[in-house]
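Asker: So the chains spell out like this:
There are 2 protein chains.
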Amino acid sequence: MKKNKTSSSSGGGGGGGGAEAAAAMRVIVPLQGVVQGRGGLVLGSVIPCALLYFIQLYFRSRGGGGGDGREKSPPAAEAEQSSPALQRVHSRTLLFSRGHAPPPHVSSRAAAIAQNCNGPYYAGLERAHDDPYDDVANPDGVIHLALSHNTLVSDLVGEWVADHCAESLFGQELNMSDVAAYQPFDGLMELKMATSRFMSWHTGKGRFFDPENIVLTSGAAPAVEMLVFSLADTGNAFLVPSPYCPDLDEVKWRTGVEFIPVPCRRTDAFAISINALDRAFNQAKNRRQKVRGIIISNPSNPAGVLHSREVLETLLDFATEKNIHIISIESVLASEEFVSMTEVAEDVDKTRVHIVHALSNDLSVPSLATEFIYTCNETVLASVKKLARFSSVSVPTQRVLTSMLSDTKFVGNAVKVTRERIRRMRAGLAHGLRKSGIECVGSDGGLYCWADMSPLIRSYSEKGEIEMFDRLLSVAKINAVPGCSCHSVELGWFGFCFASLREEDIDIVLRRIRTVSDAGRSPR
Amino acid sequence: MKKNKTSSSSGGGGGGGGAEAAAAMRVIVPLQGVVQGRGGLVLGSVIPCALLYFIQLYFRSRGGGGGDGREKSPPAAEAEQSSPALQRVHSRTLLFSRGHAPPPHVSSRAAAIAQNCNGPYYAGLERAHDDPYDDVANPDGVIHLALSHNTLVSDLVGEWVADHCAESLFGQELNMSDVAAYQPFDGLMELKMATSRFMSWHTGKGRFFDPENIVLTSGAAPAVEMLVFSLADTGNAFLVPSPYCPDLDEVKWRTGVEFIPVPCRRTDAFAISINALDRAFNQAKNRRQKVRGIIISNPSNPAGVLHSREVLETLLDFATEKNIHIISIESVLASEEFVSMTEVAEDVDKTRVHIVHALSNDLSVPSLATEFIYTCNETVLASVKKLARFSSVSVPTQRVLTSMLSDTKFVGNAVKVTRERIRRMRAGLAHGLRKSGIECVGSDGGLYCWADMSPLIRSYSEKGEIEMFDRLLSVAKINAVPGCSCHSVELGWFGFCFASLREEDIDIVLRRIRTVSDAGRSPR
Numbered sequence: 001m002k003k004n005k006t007s008s009s010s011g012g013g014g015g016g017g018g019a020e021a022a023a024a025m026r027v028i029v030p031l032q033g034v035v036q037g038r039g040g041l042v043l044g045s046v047i048p049c050a051l052l053y054f055i056q057l058y059f060r061s062r063g064g065g066g067g068d069g070r071e072k073s074p075p076a077a078e079a080e081q082s083s084p085a086l087q088r089v090h091s092r093t094l095l096f097s098r099g100h101a102p103p104p105h106v107s108s109r110a111a112a113i114a115q116n117c118n119g120p121y122y123a124g125l126e127r128a129h130d131d132p133y134d135d136v137a138n139p140d141g142v143i144h145l146a147l148s149h150n151t152l153v154s155d156l157v158g159e160w161v162a163d164h165c166a167e168s169l170f171g172q173e174l175n176m177s178d179v180a181a182y183q184p185f186d187g188l189m190e191l192k193m194a195t196s197r198f199m200s201w202h203t204g205k206g207r208f209f210d211p212e213n214i215v216l217t218s219g220a221a222p223a224v225e226m227l228v229f230s231l232a233d234t235g236n237a238f239l240v241p242s243p244y245c246p247d248l249d250e251v252k253w254r255t256g257v258e259f260i261p262v263p264c265r266r267t268d269a270f271a272i273s274i275n276a277l278d279r280a281f282n283q284a285k286n287r288r289q290k291v292r293g294i295i296i297s298n299p300s301n302p303a304g305v306l307h308s309r310e311v312l313e314t315l316l317d318f319a320t321e322k323n324i325h326i327i328s329i330e331s332v333l334a335s336e337e338f339v340s341m342t343e344v345a346e347d348v349d350k351t352r353v354h355i356v357h358a359l360s361n362d363l364s365v366p367s368l369a370t371e372f373i374y375t376c377n378e379t380v381l382a383s384v385k386k387l388a389r390f391s392s393v394s395v396p397t398q399r400v401l402t403s404m405l406s407d408t409k410f411v412g413n414a415v416k417v418t419r420e421r422i423r424r425m426r427a428g429l430a431h432g433l434r435k436s437g438i439e440c441v442g443s444d445g446g447l448y449c450w451a452d453m454s455p456l457i458r459s460y461s462e463k464g465e466i467e468m469f470d471r472l473l474s475v476a477k478i479n480a481v482p483g484c485s486c487h488s489v490e491l492g493w494f495g496f497c498f499a500s501l502r503e504e505d506i507d508i509v510l511r512r513i514r515t516v517s518d519a520g521r522s523p524r
Numbered sequence: 001m002k003k004n005k006t007s008s009s010s011g012g013g014g015g016g017g018g019a020e021a022a023a024a025m026r027v028i029v030p031l032q033g034v035v036q037g038r039g040g041l042v043l044g045s046v047i048p049c050a051l052l053y054f055i056q057l058y059f060r061s062r063g064g065g066g067g068d069g070r071e072k073s074p075p076a077a078e079a080e081q082s083s084p085a086l087q088r089v090h091s092r093t094l095l096f097s098r099g100h101a102p103p104p105h106v107s108s109r110a111a112a113i114a115q116n117c118n119g120p121y122y123a124g125l126e127r128a129h130d131d132p133y134d135d136v137a138n139p140d141g142v143i144h145l146a147l148s149h150n151t152l153v154s155d156l157v158g159e160w161v162a163d164h165c166a167e168s169l170f171g172q173e174l175n176m177s178d179v180a181a182y183q184p185f186d187g188l189m190e191l192k193m194a195t196s197r198f199m200s201w202h203t204g205k206g207r208f209f210d211p212e213n214i215v216l217t218s219g220a221a222p223a224v225e226m227l228v229f230s231l232a233d234t235g236n237a238f239l240v241p242s243p244y245c246p247d248l249d250e251v252k253w254r255t256g257v258e259f260i261p262v263p264c265r266r267t268d269a270f271a272i273s274i275n276a277l278d279r280a281f282n283q284a285k286n287r288r289q290k291v292r293g294i295i296i297s298n299p300s301n302p303a304g305v306l307h308s309r310e311v312l313e314t315l316l317d318f319a320t321e322k323n324i325h326i327i328s329i330e331s332v333l334a335s336e337e338f339v340s341m342t343e344v345a346e347d348v349d350k351t352r353v354h355i356v357h358a359l360s361n362d363l364s365v366p367s368l369a370t371e372f373i374y375t376c377n378e379t380v381l382a383s384v385k386k387l388a389r390f391s392s393v394s395v396p397t398q399r400v401l402t403s404m405l406s407d408t409k410f411v412g413n414a415v416k417v418t419r420e421r422i423r424r425m426r427a428g429l430a431h432g433l434r435k436s437g438i439e440c441v442g443s444d445g446g447l448y449c450w451a452d453m454s455p456l457i458r459s460y461s462e463k464g465e466i467e468m469f470d471r472l473l474s475v476a477k478i479n480a481v482p483g484c485s486c487h488s489v490e491l492g493w494f495g496f497c498f499a500s501l502r503e504e505d506i507d508i509v510l511r512r513i514r515t516v517s518d519a520g521r522s523p524r
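Chains E and F, in that order, are what the protein sequence lines are. At position 294 of the first sequence the residue is numbered 294 (our numbering), and the sequence of numbers has no breaks. At position 316 of the second sequence the residue is numbered 316 (our numbering), and the sequence of numbers has no breaks.
Be aware that a few hints might be false.
Identical chains share a label here; the pair holds if one copy fits it or two copies do between them.
Claimed, not checked - Below, computed lysine to aspartate or glutamate pairings styled on EDC-like, alpha-carbon distance capped at 16 angstroms: (1) Lys385 / Glu250; (2) Lys435 / Glu346; (3) Lys205 / Glu336; (4) Lys463 / Glu490; (5) Lys385 / Asp163; (6) Lys416 / Asp131; (7) Lys350 / Asp210.
No wet-lab data here; the hints were simulated from the structure.
Go ahead and model the full structure; you've got the sequences and the hints to work with.
Answerer: Structural data, given as structure tokens:
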């Protein structure tokens, strides 16, 4: 009985008023279940009855004394919000104390988002925004290595744009029928077709990707959010191998769906462990929490592990056995060896696999903020097409991307050059870090160096890790992603994204990190 | 007791599994309240206890026969999903019947969206998309008058773009620091500043609009959605004067918040009635439903009523008295007499007023899909800034808008010419309709003619209205907005948006409508 109570409170976290009512139900319902299992219909009703009695008794003795509702401590106010049973008492005290009008209500889910978005990761984003490095204008500014924005071939893009701007943009865009006609929110068919050819060429090894199954979105986060919204209800859960990109947590708060981090460990070179997934699934099941799927990124972000075909096949088997979905966030940049989850699912089961592809980021134009969903599940497709109106891409932006993708020679070269630069820059950064006593995992993909700074932290604890993060940010003026923001179980790991650096910046980055690593080592 | 049950079931509609648990709680909780009010702690527990007993008894007798869970009728399967108490039984039957794997779960909120988006309004959108009118290429296509896209001065925009394309677009956009730097998802400060000047000039009568209070979004629907998400939890409600734009219902399904239509009537020339708002508020209160605010559009959409300063002041007084919010969806196009809700709230109470402004639509570039939120409530601002990442605007699109807005001479002229054309086209369309025996309300704003076709419908019922809609769409090839899709209480009204027509198209539209109106009159 005690165990049930604990699990229900953790299960309800993060998810709005409805989630909280659901949590309240989850206190009562498993209890019923326990009793029901032993056949006791009567007991199954009497226990929640007693529970309700004592809850009422407790709050009567606490909040019902007729005083001013606003004098209550914040936790009490929160409890009222989370338990509809108690709102009545509250509204009555409010009626008595009109006069000084209280501020208008703000939703508990908005409050949760505001409250949750304030860890070291967000502090770093803010600093990088307020004081951005520029080799000429602000050479002492913060170098931002915590955002997986790829601009590695922006020089090539610049040349392409200079040649194609006039024809690709407003020229086409402004003919009347185009502007006036009803534009579907999920993207122009021209761009979907160009995207389908891009997929076929770079991730599909020539296979056909139906453009009808593509939905364009204004970013990867909204794409994942729409899928999670469509696959899971408030209070349901997804398994997410960790370390995972901190941005995913915003999807969690937005949808009210719980994300259960499933640790990948150094001893496995941060590969996905099916055993760990199975354990997490069963634990959730014991808590009576519905797991609706797994979210992976390929290559993993930030650890940069490229998942092999075998791993993906095992994952799909696992998902089929448990009857859950897989959301795979993919990028073709990592390597020629990249295998898409669509390829693995092709002849097995396409209805449970949903791809999010970072299109504009793959093309070195992250500021175009256009990514897409590819799904062969008709119900999910219908849902995300409807949701697309909440995250649509402007027509001129789609025109630019269509032109760019249609220039297959340019795209082929851009992808090739990006891969070469990724390899060189990762090698350069990892080599330099090693000289400072910082080992990176032998990552074969991704836009980050995932670096073990644990020998340099002053105490082997999360506090020590955050202290190192602060020193990197304030002393070295480097904004990295700390492991704790990625739900890493291993302490002292940091992600350094090199994809928006120029090659000549690597030395500056290494010099700055060295100031911290040298200082970190001396007191030991 | 019966009344409580009814209200709770209507309150829970539309909003995901959490909402359904909340609905379940709402069956129990008001009952408790009723009893509690008479002092009966014991009764307050015994009644829900009895209720739980009978619910269990009912479902045991119905679904617990040990058979295959998938053989159940759809309503039973749905009941399981909506009541966590019953999931346990279901999961057990699933375990027994592995083998033929059922399809993976899709969320109930996604199912609700797919199910809800299929009225006449959506049929019309689809037809207009599949068979769009073009005077040369497809002269028999559907003329789309159901979308408030404004392209009235796209000729002026075309000229402007021809002169400014090179400098405004990628030229600026592609300098390295701009692409690589961390771009806030809520919009570039340059665009916010240009927007603030635009507001000050066109809606603020010279007052200062703090650019820090602006959040840019990729459309009006996501802007309203972010505000509703931030102000209300699942199961809460907003009052929405009707007829209202059908798109708002998508916000309702997306957020799990209920929208209560508050009828505006022909006898009041479709003006907002504070009495009706008060009645709806009190009815919701009696159902123990929390009303969090009012959503208005100014001018109203589709009825086209421009709200006077007095009406807005009364609305704000009402919102203050009830301690709720106001979301006002505004456009400066209607008339020089337009008064913004910000102006009314200025010295009274700015924390409960939130503006959604259709920026790109006001500038005749709807395909740029860029609108904004303006709010002075710090908590709400913090929340929508975080949510903006799910609906961000690409940087080149923001650059175009910044350039355009900075050209104040162009913008001033564009707004002036748009207003002139609106007046002329509305007058032309309304005059022609009158000649066919169709009266429009004397609307003083907006992009629609709101027309009374009730004398022409074959039966004065919703069926008759939908039949007329079908004839308009299939016979006249005109896609209009039927009143029923706007929650209009008056029957037989239709919205015709003229803002994406050319003036010479008006005659074609009138000729087509006449075929239906003549046919409609003859059988009487």
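Asker: A separate judgement is required for each hint: does it hold in the structure or not?
Answerer: Results of checking the hints against the structure:
With identical chains, the CA atoms of Lys385 and Glu250 are at most 16 angstroms apart between copies only, with a shortest distance of 12 angstroms across copies and 21 angstroms within one. In the homo-oligomer, the alpha carbons of Lys435 and Glu346 never lie at most 16 angstroms apart, since the shortest distance is 45 angstroms inside one protomer and 61 angstroms across protomers. For the homomeric pair Lys205 and Glu336, the shortest alpha-carbon distance inside one copy (10 angstroms) is at most 16 angstroms, but the shortest distance between copies (59 angstroms) is not. In this homomeric assembly, Lys463 and Glu490 come within 16 angstroms of each other (Cα to Cα) only inside a single copy, at 13 angstroms, whereas the closest approach across copies is 64 angstroms.
When the C-alpha separation of Lys385 and Asp163 is checked against a cutoff of 16 angstroms, the pair qualifies neither within a copy, at 34 angstroms, nor between copies, at 36 angstroms. For the homomeric pair Lys416 and Asp131, neither the shortest alpha-carbon distance inside one copy (33 angstroms) nor that between copies (41 angstroms) is at most 16 angstroms. When the C-alpha separation of Lys350 and Asp210 is checked against a cutoff of 16 angstroms, the pair qualifies only within one copy, where the shortest distance is 13 angstroms, while the shortest distance between copies is 50 angstroms.
In summary, the structure is inconsistent with hints 2, 5 and 6 from the numbered list given earlier, while agreeing with the others.
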